[in-house]
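J.: Chains as they are written, first to last, in the numbering used here: chain A, 21 to 155; chain B, 21 to 155; chain C, 21 to 155; chain D, 21 to 155.
Don't read these hints as lab results, they were simulated from the structure.
Just so it is clear, CB atoms sit at the ideal spot from N, CA and C, and this is done for glycine as well.
A portion of the hints provided could be inaccurate.
Pair by pair, the computed Cβ-Cβ distance ranges are [as the list claims (entries may be wrong)]: (1) A126/C / D38/B: 51 to 59 Å; (2) E123/B / R124/C: 34 to 42 Å; (3) D38/B / R33/C: 34 to 42 Å.
Number of protein chains: 4
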Amino acid sequence: MTTTRELLTTHPRETAFDASVLATSIDVLNDCAQSCTACADACLGEQDVSMLVRCIRLCLDCADVCAATGRVLGRQTEMAVGVVRPVLEACLEACAACAEECERHAEHHEHCRVCAEECRRCEQACEQALAAIAA
Amino acid sequence: MTTTRELLTTHPRETAFDASVLATSIDVLNDCAQSCTACADACLGEQDVSMLVRCIRLCLDCADVCAATGRVLGRQTEMAVGVVRPVLEACLEACAACAEECERHAEHHEHCRVCAEECRRCEQACEQALAAIAA
Amino acid sequence: MTTTRELLTTHPRETAFDASVLATSIDVLNDCAQSCTACADACLGEQDVSMLVRCIRLCLDCADVCAATGRVLGRQTEMAVGVVRPVLEACLEACAACAEECERHAEHHEHCRVCAEECRRCEQACEQALAAIAA
Amino acid sequence: MTTTRELLTTHPRETAFDASVLATSIDVLNDCAQSCTACADACLGEQDVSMLVRCIRLCLDCADVCAATGRVLGRQTEMAVGVVRPVLEACLEACAACAEECERHAEHHEHCRVCAEECRRCEQACEQALAAIAA
Chain A
21 MTTTRELLTT HPRETAFDAS VLATSIDVLN DCAQSCTACA DACLGEQDVS
71 MLVRCIRLCL DCADVCAATG RVLGRQTEMA VGVVRPVLEA CLEACAACAE
121 ECERHAEHHE HCRVCAEECR RCEQACEQAL AAIAA
Chain B
21 MTTTRELLTT HPRETAFDAS VLATSIDVLN DCAQSCTACA DACLGEQDVS
71 MLVRCIRLCL DCADVCAATG RVLGRQTEMA VGVVRPVLEA CLEACAACAE
121 ECERHAEHHE HCRVCAEECR RCEQACEQAL AAIAA
Chain C
21 MTTTRELLTT HPRETAFDAS VLATSIDVLN DCAQSCTACA DACLGEQDVS
71 MLVRCIRLCL DCADVCAATG RVLGRQTEMA VGVVRPVLEA CLEACAACAE
121 ECERHAEHHE HCRVCAEECR RCEQACEQAL AAIAA
Chain D
21 MTTTRELLTT HPRETAFDAS VLATSIDVLN DCAQSCTACA DACLGEQDVS
71 MLVRCIRLCL DCADVCAATG RVLGRQTEMA VGVVRPVLEA CLEACAACAE
121 ECERHAEHHE HCRVCAEECR RCEQACEQAL AAIAA
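Could you put together the complete structure from these sequences and hints?
T.: Below, the structure is given as structure tokens:
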């Protein structure tokens, strides 16, 4: 059991939706935030940095949006679906845009390949969380 | 001229939309993030904290979403409208939900009154930025 | 191999210190940020929230400081030891203070016990990163 | 009266030190976080981006550390001096390092000149807050 799952289990209130989907989503969001921070930084360290400007920008955006989404989804007390839903929708778009750009550089830069995969995983996690909320 | 405006003026690339609307939006987003952090903390310090649980939660969400939105909107290089738009829409909802809750406590707690006003201002700033992007 | 480790391995520049210690530190910092966000929220959801005010506050601080520290340590390009060192020192203190407070509530609240352990782990990770930088 | 000052005035608990110094420090920290985000982005948009890699990195660090410090200092309930002090010390170093690097590019890039000034202002604000805490 991950720490995220353990903390959900010990929470005094009921989770808004399935705790297993929720725990996975939170973990994937945090992992994606970290990957995007690392990929933006790796791009910045490349000799062809001028070719990676859009990639850096979208990674920085994605890191900020995933981090905020992870926090919002990480709170169970008095969760407001009217806030969580559009936040997840925005995060899904940030991940999709970042994945698409990273995929363009995946052949030349391994960190972009790894980050693109992480962003696609997070895009799916947002979709699953949205489906769980709607259920 | 505020520092935000000055930094937009000295940016090497063209802003995605009207620099004056943009600068105001960024400043209001950052101010609202700060107000929500302060109001959550003031609520936490009140004797009737148990009545303010939902207010604290929504202030924490709003602070996180406004801070991320301020960063995304604060970047002009390779701005992706497909990301900025849903981020602003999510922020608008976070501000509206937080304002509504803070307004309920505005009579008893001055910090809630101030924070509600700041959230309404930010809600409008998000609307104006969305309108400017669509134009 | 975790994603954090994989991204360090594919980074174009050499890491400032041992990549294995570095990857562990980054992961523990991010886990601790998440735990503190979750514990603050769980405390907020408890019936005896008024007894947990200090715990919530220190968890919020610790979450913010760990998140910032994880980002600073997560960047390898042009790392400035003069910045990373005091940031790690501040994070160590934030974790120690949060752990101490969570430990006081560990008997009554499982989430405080889990969060205290995570904070102690992070305190050690900061110490190890500081030792690795000094080496 | 700024919103930050107004929210401090309406806080239920006494501030740890002089409210006027505190309000200024919080505002300057938030302004500096915003300036560093904007300067990193402006540098990224420059044609000579490869000359600005260190500047971007230190701006990203400074933005993250200032944002976290602004939040920690923005909370008055149960403030822990043992946490706030090292956080301010770390922030002071992040601002000094960023200012020094931005100053190197101030002649060629106006955004670096503006950002350097903001970082120096924030360095001083951290010093003043530290002095106020010690008093």
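J.: Confirm or reject each hint.
T.: Status of each hint after checking the structure:
no.: 1; hint: A126/C / D38/B: 51 to 59 Å; verdict: holds, 54 Å
no.: 2; hint: E123/B / R124/C: 34 to 42 Å; verdict: holds, 36 Å
no.: 3; hint: D38/B / R33/C: 34 to 42 Å; verdict: holds, 39 Å
The structure shown violates none of the earlier numbered hints.
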